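J.: Each chain, letter by letter, is given below.
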Amino acid sequence: MGKTADLLPGTLDLLILKAVSLKPLHGYGVLLRIQQISGHALEIPQGSLYPALYRLEHQGLIVAEWGQSDNNRRAKYYTLTAAGRRRLREETEGWNRLAAAIAAALGTTPDEV
Amino acid sequence: MWSRLRSFVAALFRRRQFEHNLSDELRFHLDAYAADLVRDGVAPDEAARRARREFGRIDDVTLECRQSRGLRLVDASRQHVRYAFRRLRKSPGFTLTALTTLAICLGAHLTIFAVVDAVLLRPLRFPQPDRLVTIYNTYPRAGVPDDGASVANYYERRGHIDAFSALALYRTDAIVTGNAGSTEREFVTRVTPDFFETLGVTLALGRSFTDAEMTPETGRVAILTDVYWRERFDADPHVIGRTLRADGMPLTIVGVLPRGFDFLSSKSRLYLPLASSDDDRRSENRHSGSSSHMVARLMPGVTVAVAQAQVDAQDAAIEAHDPQAALFASAGFRSVVVPLRAAYVASIRPTLILIECSVLLLLTIGAVNVANLLLIRAGRRSKELAMRQALGASWPQIIAEVLVETTMLAVAGGVLGLVVGAGGVVLTAAFGADRLPLGARMVFDWRTVAITLIEAALLGLVMAVPVLWHARRAHMMGALTAESRTSTSGRTANRLRHVFLVAQTALAFTLLFSAGLLVLSLKQVMAAPTGFQPDRVLTGQVSLPYRIYDNTRRLTFIDRLSTALHREPGVSAVGITTNVPLSGNANRSSAAVAGFTPQPGETPHGVYSYGVGAEYFKALGLTILEGRALSSSDTRHHVAVVDEDFAKRYWPDGHAIGQRLFRGSITAGRPDDAFTVVGVVAPVKQAALSEDDHLGAVYYPYDESFDSSIYVVVRTTMEPERLAATLARVVRAIDPELPVNNVRSMDARVADSLVTRRSPAVLAAIFAGIALLLTAIGTYGVLSYAVAQRRREIGVRMALGATPRQVCVQFGAFGVRLLAIGSLAGIAGSWLSGKAMQALLFHTPPLPIGIITFVAATMAVVCLAACLAPSLRAARVSPTEVLAQG
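Protein chains in written order, with this note's numbering: chain A, 1302 to 1414; chain B, 150 to 1035.
Treat each hint with caution, since some may be false.
What the hints assert, rightly or not - Taking lysine to aspartate or glutamate and the DMTMM-like style, the derived pairs with C-alpha atoms no more than 20 Å apart in a straight line are: (1) LYS1377(A) x ASP185(B); (2) LYS1377(A) x ASP173(B); (3) LYS1377(A) x ASP1412(A).
Note that these hints are calculated values from the structure, not bench results.
Since we're looking at a predicted model, the values are computed, not measured.
Take the sequences, apply the hints, and build the full model.
T.: The following block contains the structure:
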């Protein structure tokens, strides 16, 4: 149920939005896409993926539609909504600011104090 | 926000599809992952297993997905409801008691509320009803609070008061319709042309009256109500121009009213012009209103106060030229503008509020009772609750559980209450609600249903509070030990239960006392001397059509009627009068006494004036105190009989006989017009048995100057009702076109006049009875619990030598102490309620010792009886058994 230590809290939602923003994906596709774009560096706990998808859909950030998968099975495809796109942009900026700040903080040497 | 709601609602209402899709989606994931693993070279079986393992527990995932949609709360409540239901079913005694209590209390409240709603709350069924007002002349210092409005008032105000957009005059009347042999008396309302426009009603067919139709000669036109049109004219669309016979004359139909039109509680099925003569319209006659009433519509945005100021200004301008103005002014004359509805329901309002208060009191007692039963139950369950809390049930979960349970209980009680209330509404409608203004409109509709259910739900929430408080305390006090009798939590919970019981006792005491007050007041009214002998007297009304029965023919008719009736077996006296006491109409006019000069500051008085014929005094059984009664030979003689009140006011020295007075006008007329007093009778209750105003009455010999609608009063030697057919037959033998109406014995009239006192007394007594029963249940519950809780202590004490008797007395004394405190508080409540009810009571002090004693005794008997069983049970506790249980 809880998130793994590999993933910072709240970052799963951001990664899902990013994955879906590139191309409509089904749940398993989202998982693969995140692994692919993170260079397989991030371990996504499979169980927490779906609750996150349902939560984002509930919030109106993504919409789902049933379609055909590559192997001709019924699959649910998620697409980013306008609100989702806006959220992705905001969160990305926020993340970058935070990352830069932390990088700067961690890069500090004794003489710079 | 919107998208969340939509996704929640979609998930909620398409639950099966939601679940189906969810499992499909997860299965797809597992299959796809397994397929990828197979492609990487894992064996198919192993792949499926790994996929499952890495995914985690599917149940947890689905649960979390549901939670993301906000479905968790729904699922939890569903479970709470199921759980609460199971628990309620497990204690059927408690559930049944609580449900019955709630059903009766909520049902009683619903019934009374339906009446209050119909009479006091619902707007009148006219467009912008809050702009409708009535204007009436009042002479408070002359004992005439409401004298209606006169024809002259109508003509002087119409078009001259800017505050009103329309203004009309109306008067109820009765006419005889139909042809000889099949005549009927029909209630009608006589109205001015602008009546329907003022109310904002458009006629369904035809037109309203015209100004030209407002004279006796031209006013031979009629407007039908929809009911009359359907019944008598078969809903003929071409009815306009057809005629109907009324009082032996043809009336031309000019209009038909829309379906459902109903002016206040009017029984009228026909509307006729309110015809008047030029003389009626002169401003000298502006004070002779009484039987006609005014209704007006305020201009948009104009307040009653503005209209009142304009009416006052006009009155002042007109009265400035009136030589009698000083007299009227000293009687406190004013033309009052009042909202139509308020004026119409003013007399019944305090009574209804009283009944509503008493039923609210009952509802409170019921709620306290159920709350206490719940609290006792919570006490029994506190160990279970503590255990569950220890096992991880969260506080919010317990709150939800308790709330669901009490609300469910209350709403179920409310639903049953709807059944009780529906029965109550039907009963009330059947018994006399049509005698309330607008009471006939009492309805049981979605509005009353919604109010009752909301009330029930709120009650459920409120009742949860003490239970939650109890649970919270138990929780904080270190759960598992809380139940032991020594713990603080146990003691405070007990104290709360006792406070509730005391409160319940006090409220029931107050309610019982209030019912007692009403009954005592009713008895006082019934014991008050009426001044006549109502037993074995039959009365009936005959309307002699004005155009056929002119002057002498009316007197001939009366002569023939009384002679013929007198010949019938079983008749001992026959009288004729313009009005009988307690008939519901009371015409007061003025009489001036020759040689009487009012003291400075003394005001002229309205007096009841009657035209009587044949042996009226003997027939009604009035007591002649001095002089003689009037008889048939007095007709057209200027003699009169006055009552003692009148005689005492004008001739305090006691020399009434031989004095002279003038009829009608306040100023003395010509000496020839004077009536000589020939007798004094004991005063009679005129309008109500409870009247105390001693206005006085004057009886004149009946002649054609009196109203053409007369009452026949027959004293019989048998059951008066058995003579009704004879009365009708004798009247028909003289004139086949004349029906007799309003036939009632005087006893029935007396009983009818008491209805506004009897109904509240009966209702309050019923409510008090229920309250008493609830208090008994409450006492029994609390005491039984105390005994159960202290079994171990009792056992130990009995093992140490206490006798069963001592134990029994101990619990009895505990019950008595609670009862005593409750009764003391009840006496304080009774004093308050007695003071509040003073205006509605008749010759009844606010705190009569007799009633207090009676109530205290009743409460004591009932509550001690309720204490008895638990106390005896305490005495039967077996020490060995208890101690063996450890």
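J.: Would the hint linking LYS1377(A) and ASP1412(A) be met if the CA-CA limit is 20 Å?
T.: violated (55 Å)
J.: With a cut-off of 20 Å on the C-alpha distance, tell me whether LYS1377(A) and ASP173(B) pass.
T.: Since the Cα atoms of LYS1377(A) and ASP173(B) sit roughly 9 Å apart, the hinted pair holds (cutoff 20 Å).
J.: Hinted pair, alpha-carbon criterion (20 Å max): LYS1377(A), ASP185(B). Please report holds or violated.
T.: holds (18 Å)
Checked against the numbered hints above, the structure breaks only hint 3 and satisfies the rest.
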